[in-house]
Amino acid sequence: MLEVKNLCAGYGEVSILREVSLSVGAGEIATLIGANGAGKTTLLNAICGLLRPTAGSVAFDGRDITGRRSEEIVSFGVTQVPEGRRLFAQMTVHENLLMGAYRRRDREMAADLAWVYRLFPRLKERQAQRAGTLSGGEQQMCALGRGLMAKPRLLILDELSLGLAPIMLDILTDAIREIHRQGMAILLVEQDVAVAFDLASTGYVLENGRIALSGPTSALRADPHVEKVYLGL
Amino acid sequence: MLSLQVLVNGLLLGGVYGIMALGMSLIWGVMRIVNVAHGALIMLGAYHAFFTFTLLGWDPFLSLPVTIGVFFVLGYAIQRFLLNRIVRAQLFLTLLITFGLGVVIENLARIAWSSDLRQVTPAYQGAHFELYGINIPHVRLGVFLSAAVLSLLFLLLIERTKLGRAIRATSQELRAAQLSGVPVGHIYAVTFGLGTALAGAAGALWGMLFPITPTMGGPLTLKSFAVDVLGGLGTMMGPLVGGLVLGVIESFTATYVGPTYPNLLSFGLLVLILVFRPAGILGPRGLSG
Amino acid sequence: MTTIFEARAVTKRFGGLSAVSQVSFTLREGEILGLIGPNGSGKTTLVNVLTGALRYSRGEALFRGRSLRGLAPHEISKLGVCRTFQVMKPFRSLTVLENVMVGALFGKEGGARDLASARALARETLALCELLPRADAPADGLSVPERKRLELARALAMRPSLLFLDEVMAGLNPREIEEAVVLVKRIRDAGITLVVIEHVMKAIRSLSDRLMVLYNGEKLTEGPPQEVLAHPAVISAYLGRRYKEQPSA
Amino acid sequence: MDSKRRVLVAGAAAVCLALAVAPAVVSPFLVQFLINLFMLAAMAESWNIIGGFTGYASFGIAGFFGVGAYTTGVLLTAGHWPYPLALPAGGVFAMLLAALIGIAVLRLKGQYFAIATLGVTETMREVVYNLEITGGGSGLNLPMVQSPLPFFYLMFAVLLLSIAVNRRIATSRFGYGLIAIREDEDAASAMGIPTARYKTVAFALSGGLAGLVGGVFAYWITFVDPTEIFKVSWTLRTIIMAVFGGAGTVLGPVLGAAVLASIFEGLSAELVNFAELGSGIIIVVVVLFMPRGLFETVRRGELSFRHLLRQLDEYRA
Numbered sequence: 001m002l003e004v005k006n007l008c009a010g011y012g013e014v015s016i017l018r019e020v021s022l023s024v025g026a027g028e029i030a031t032l033i034g035a036n037g038a039g040k041t042t043l044l045n046a047i048c049g050l051l052r053p054t055a056g057s058v059a060f061d062g063r064d065i066t067g068r069r070s071e072e073i074v075s076f077g078v079t080q081v082p083e084g085r086r087l088f089a090q091m092t093v094h095e096n097l098l099m100g101a102y103r104r105r106d107r108e109m110a111a112d113l114a115w116v117y118r119l120f121p122r123l124k125e126r127q128a129q130r131a132g133t134l135s136g137g138e139q140q141m142c143a144l145g146r147g148l149m150a151k152p153r154l155l156i157l158d159e160l161s162l163g164l165a166p167i168m169l170d171i172l173t174d175a176i177r178e179i180h181r182q183g184m185a186i187l188l189v190e191q192d193v194a195v196a197f198d199l200a201s202t203g204y205v206l207e208n209g210r211i212a213l214s215g216p217t218s219a220l221r222a223d224p225h226v227e228k229v230y231l232g233l
Numbered sequence: 001m002l003s004l005q006v007l008v009n010g011l012l013l014g015g016v017y018g019i020m021a022l023g024m025s026l027i028w029g030v031m032r033i034v035n036v037a038h039g040a041l042i043m044l045g046a047y048h049a050f051f052t053f054t055l056l057g058w059d060p061f062l063s064l065p066v067t068i069g070v071f072f073v074l075g076y077a078i079q080r081f082l083l084n085r086i087v088r089a090q091l092f093l094t095l096l097i098t099f100g101l102g103v104v105i106e107n108l109a110r111i112a113w114s115s116d117l118r119q120v121t122p123a124y125q126g127a128h129f130e131l132y133g134i135n136i137p138h139v140r141l142g143v144f145l146s147a148a149v150l151s152l153l154f155l156l157l158i159e160r161t162k163l164g165r166a167i168r169a170t171s172q173e174l175r176a177a178q179l180s181g182v183p184v185g186h187i188y189a190v191t192f193g194l195g196t197a198l199a200g201a202a203g204a205l206w207g208m209l210f211p212i213t214p215t216m217g218g219p220l221t222l223k224s225f226a227v228d229v230l231g232g233l234g235t236m237m238g239p240l241v242g243g244l245v246l247g248v249i250e251s252f253t254a255t256y257v258g259p260t261y262p263n264l265l266s267f268g269l270l271v272l273i274l275v276f277r278p279a280g281i282l283g284p285r286g287l288s289g
Numbered sequence: 001m002t003t004i005f006e007a008r009a010v011t012k013r014f015g016g017l018s019a020v021s022q023v024s025f026t027l028r029e030g031e032i033l034g035l036i037g038p039n040g041s042g043k044t045t046l047v048n049v050l051t052g053a054l055r056y057s058r059g060e061a062l063f064r065g066r067s068l069r070g071l072a073p074h075e076i077s078k079l080g081v082c083r084t085f086q087v088m089k090p091f092r093s094l095t096v097l098e099n100v101m102v103g104a105l106f107g108k109e110g111g112a113r114d115l116a117s118a119r120a121l122a123r124e125t126l127a128l129c130e131l132l133p134r135a136d137a138p139a140d141g142l143s144v145p146e147r148k149r150l151e152l153a154r155a156l157a158m159r160p161s162l163l164f165l166d167e168v169m170a171g172l173n174p175r176e177i178e179e180a181v182v183l184v185k186r187i188r189d190a191g192i193t194l195v196v197i198e199h200v201m202k203a204i205r206s207l208s209d210r211l212m213v214l215y216n217g218e219k220l221t222e223g224p225p226q227e228v229l230a231h232p233a234v235i236s237a238y239l240g241r242r243y244k245e246q247p248s249a
Numbered sequence: 001m002d003s004k005r006r007v008l009v010a011g012a013a014a015v016c017l018a019l020a021v022a023p024a025v026v027s028p029f030l031v032q033f034l035i036n037l038f039m040l041a042a043m044a045e046s047w048n049i050i051g052g053f054t055g056y057a058s059f060g061i062a063g064f065f066g067v068g069a070y071t072t073g074v075l076l077t078a079g080h081w082p083y084p085l086a087l088p089a090g091g092v093f094a095m096l097l098a099a100l101i102g103i104a105v106l107r108l109k110g111q112y113f114a115i116a117t118l119g120v121t122e123t124m125r126e127v128v129y130n131l132e133i134t135g136g137g138s139g140l141n142l143p144m145v146q147s148p149l150p151f152f153y154l155m156f157a158v159l160l161l162s163i164a165v166n167r168r169i170a171t172s173r174f175g176y177g178l179i180a181i182r183e184d185e186d187a188a189s190a191m192g193i194p195t196a197r198y199k200t201v202a203f204a205l206s207g208g209l210a211g212l213v214g215g216v217f218a219y220w221i222t223f224v225d226p227t228e229i230f231k232v233s234w235t236l237r238t239i240i241m242a243v244f245g246g247a248g249t250v251l252g253p254v255l256g257a258a259v260l261a262s263i264f265e266g267l268s269a270e271l272v273n274f275a276e277l278g279s280g281i282i283i284v285v286v287v288l289f290m291p292r293g294l295f296e297t298v299r300r301g302e303l304s305f306r307h308l309l310r311q312l313d314e315y316r317a
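Protein chains in written order, with the working numbering: chain E, 1 to 233; chain B, 1 to 289; chain V, 1 to 249; chain U, 1 to 317.
These aren't lab readings, by the way, just hints derived from the structure by calculation. Note that this is a predicted model, so its numbers are computed, not measured.
Label pairs and their calculated CB-CB ranges: (1) V285/U <-> K162/B: 34 to 40 Å; (2) L149/U <-> R55/V: 56 to 62 Å; (3) Y256/B <-> R300/U: 55 to 61 Å; (4) L149/U <-> G126/B: 54 to 60 Å.
The C-beta atom is built at its ideal place from N, Cα and C for all residues, glycine as well.
All chains should be built: construct the whole structure from the sequences, respecting the hints.
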C-alpha cells in the first residue's frame, strides 16, 4: 500500500533523511521508532506533502505521490494525526471532527461521526465543548477521531503515547485495535517501545535519518541493539 | 439632551469603523499580515460607489453587493499572485510590501481620477427624522444598518459555513489544517478577498458620509489599527465592539474637548492599550509575545 | 566537596496543571547529576525555572548560598549558572566563532570584555570542542552534531561554574555519542559542575555520579545510576507498562 | 590594516573630498538633491541601529524626526536659542523621549511593536497639532537663511556622525549584543545580555540621530507643519532604503538611500506625476525579489535573474 524508496529530505542546507525506505502493507500495522531528533516527523511530513523531498519516491497504492500537495494526498486516503495533537483549540470538538472530513463529498459522514462517537463515548459527551478545554487524553482521542473522519485507507499516528496517563493509553490502544479490525492500515510512529511492539507486526528503527534496523517486531523485541539503544541496560 | 445626540452620532459612526476594522482584523487573524494597504482599498471602494452612482445611476446602498463582489475578486487576485509569495517572510517585509501596494493604488487613483473632492449625494441626502428629540439623518442610519447587516452576514459566514470553518481552522492551527486537506494557499486568497470586500463596502459607506479623495486611505488604515487593537486584534467581535466604543469616544471628545482632539485620543489610546493591555477589550490574554 | 547549588521545593504551575511540583535536590562542586524522565515529565521546565527563563510558582534555588529566585536570565548567567537549549538556538547570520564570542563577551563577570580577548577565548573553546576548523562557517550551515557542539561551546565560553546541558546528545549516532561523552567529561575535569538532561541511557550511565528521575513533574527517585536504573518504578514509569512483563509478543 | 580595508578608507576619503568641494562647483538643483540624499541616508542609518542590528522594525522614526525638528524650531524661535545650541538640544530631547517610550514599547515584539511605534508617531503629531507653542495646525516658521551651503555641510556632518555610530556599534561588544538579540532574544538573554537595557539604548540612539536630522531639516526648509513632518511615508521610505541597501550592515542603508533617492529623484524630474507611483512599485519589487537587500544579494552574487526568480519561492504560502 505505502512504498517509500530511498527518500532524502531536510530543511535548507541541513539534510535530515538519508535514503529512507519503508513500506506498509494493506491492513497492516507497522511502526517506526527512534529517539527524538532522529527524523521521524520529517519523514512523515515528506510523505504527507508538508515537505518536498530532495530525492527518492513515495508511492501509495501504486500511484506516485512524491511532492504532491498535502490536500491531494489526504484525498488519496493518507491521513496523519500530528505530533502534539494540534487541535483547533477555539473550535468545538464537533467542529474539529467535521474538519477531518473536509475533503469528503460522500454521504456517509454522519455514519462515520456516529462510529467515532461510539469508539470514544467521552467525545460525544464533550462534543459542544471547545477542544482547548479537554484533558490531554481527551485531546488525543479528538485528534484521532478527526483523522478517522477523513475515512483514510492509511492512518499515520505521530507519537500517540506522548504524555498520556497509562489508563488513557490503554483506551487508545484498544481503539487502534478496533480501527485495525475495520481493515485500516496504520503506521505508528512512537517513542514508547512497548506500545509500538505490542500493536505493530513489522517495525523500522530510525537513527539519525537512516533506517538502522527493520523486520517483524517479535524479532526486533529480542534484538540486543534495540534493547541497548532504547533501554540502555 | 445633547449628550444623547452625541452618543447616537458616535454609535452611527462606530458602525462604519467596525466594518472597516473587521476586514483588517480578519487578514491579521488568519495570516498574521498587517495590511497597510487596507486604507487604500477602502478609498477604492468609495470611488467604486461614486462612479456606479454618477455614471450608472445606481443607488449607493443597492450597489453594495456589486462592490463586495468586485472587491472580493480583487483581493483574491492580490493574495494569490502577490502576497502568497511572501506570507512566510519576516514581519516588516509583509508590512513593506502592503505599504508599497497602498502607495501604488493611491497614486493610480490620483492619476486616473485627479485629487479633487468627490461626494456621493443621493436624493435623500438631506433627509432626517426626529426621535425623542434626537436628529437622525437617513443616510447615517442607512450606513449604520448596512454595516450591521454586513457584519452579521460576515459572522454567519465565518461561524456557520464549511468555508468559515476552514478559515478559522487555518488561522488556529496551520499544519493541522493542511493535514486535514485544507488548500491553505486558496484559503489565504479567499481570506484576503473577504477582507478586501469588507474594505470596499466600508469605503462605499464612508463615501456617503465624507468627501472622497485619493489620499483618504492613510488615516483610515491607522483608524482601523486603533479600532482593532482597542477591540482585540484577531478576534471576530473585537473590531465591531472597538468600532462602536471608538466612535462614541471620538464623538464625545469632538463635542466637549475640541474638534481637533479625537485623533489624538484614538492614537494615544492605541499606544496605551498595546503597551498595557495588548489583548484589547475582547482578546485573550498575553498577545504581546 | 562543598554544596554549590540547592533547589528547595521548586514548583511551576501553568493554569491548574503543575508542570514541576516540589522538586528539591543539591549539587556538590565538580559533580555530574544526570536528570532523566519520559517526555513531558518537566525536565526542561525545571531548567527554565532554575535559569530564570520562567518565574517560580513556589520554592527557590540557592547558588553558593545566594537565592536565584526573581533574577533575570542574564543576571543568573553573570553569576556563572549557564545552560544550553534543547531546541538549538544558533545566531544564524553570525559565524561559528562569532557565536562563541558572544558567550565570551557576556559570560561570567570579569571575563573577556574586549573583542580581541573574546576572539582568543572563543578560539580556545572551539579547539576544546573540536570545532576550530569550522570557525568561519556560518552557524546555519552546520550538521546536527556540529550544532550540538556549538551550543556547548557557546555556554563554555561563558566560563560557567554550573552548566545545565539539555539533551546535547539527542539524535546523535553511537559514535557521536561516544565523542560527546568524552567532551562532557573533559568539561567536568575543567572544574565545572554539570546537570545533564538526556534520553540516551548509555551516555547518562557512564557520565553521571548521581541520577535524578522526574515523572509527571515530581521527583520519583535519586541516587547512584545502577541503583536508580534498577528501581522498578523507574522501569515502568520510563519504559512503559508492558515491555518487561510479557517479553514474548 | 590589510589592503582591502586600506582601499576602502581611501575610497571613502575621496568621496568625502569630492562632496566637500561639490557645492561650489555644482548646480544649485544638485546641491538640494545632495542635501536631501544625505538626509535620507542619515535617517536610514539611524533606523538601522534599531531595525537593522537589533531586528526591532520600528515604524516610528518619523516621530523622532519630527520631535527633533519641532524642538530645535521652538528653541530657535520662541526660545531665542542660538542654532548651534538648539540643534543638539533637539537631538538630545528626541533621544531622551525615545528612551522613555522605548522602555514601554520595547516589551512588545514583531507586529505589535511595529503598530505601537506607528501609533506613537501619530500621537506625537496630534500632540503637536494641539499645542500653542508649536504653532498648532498652521505650523512653525523659522528664520530664513539665504544660501543652502551651511545645510549641505551640516547634513553631511550628521550623515557622517550616523555612519560613525553604526560603525562603532558594529565593531563593539554592544553591537554583538544587539545582533544576538535580533537572532534569538531568548538565547541572548540566557548568554548574559541585558536585553531590555540594550534595546532601549539602541532605540534611544536611533531616535536621537533622527531628531538631529529633523533639527537640520527644519532650519533648511524653515517651515514645519505637523501633517508634513510626521508623514508615514517618511518612515516607510527610510525603511525601504535601509532594507534595499542591506539592513544590519554599516554602509548598506547609505547605499540603499543613494540608489533609491537617485531613482525617486530621476522619476520625479521626468514624470513628475508618476514619482510616488514609481516608488511604490519599487518597494513591491524589492521586497519580492530582494528581501535580503541589494548589498547582501550582490555579495552572494545572486543578482542574476534566475536567482531572483528562485527568491520568489522561498517564502511561498
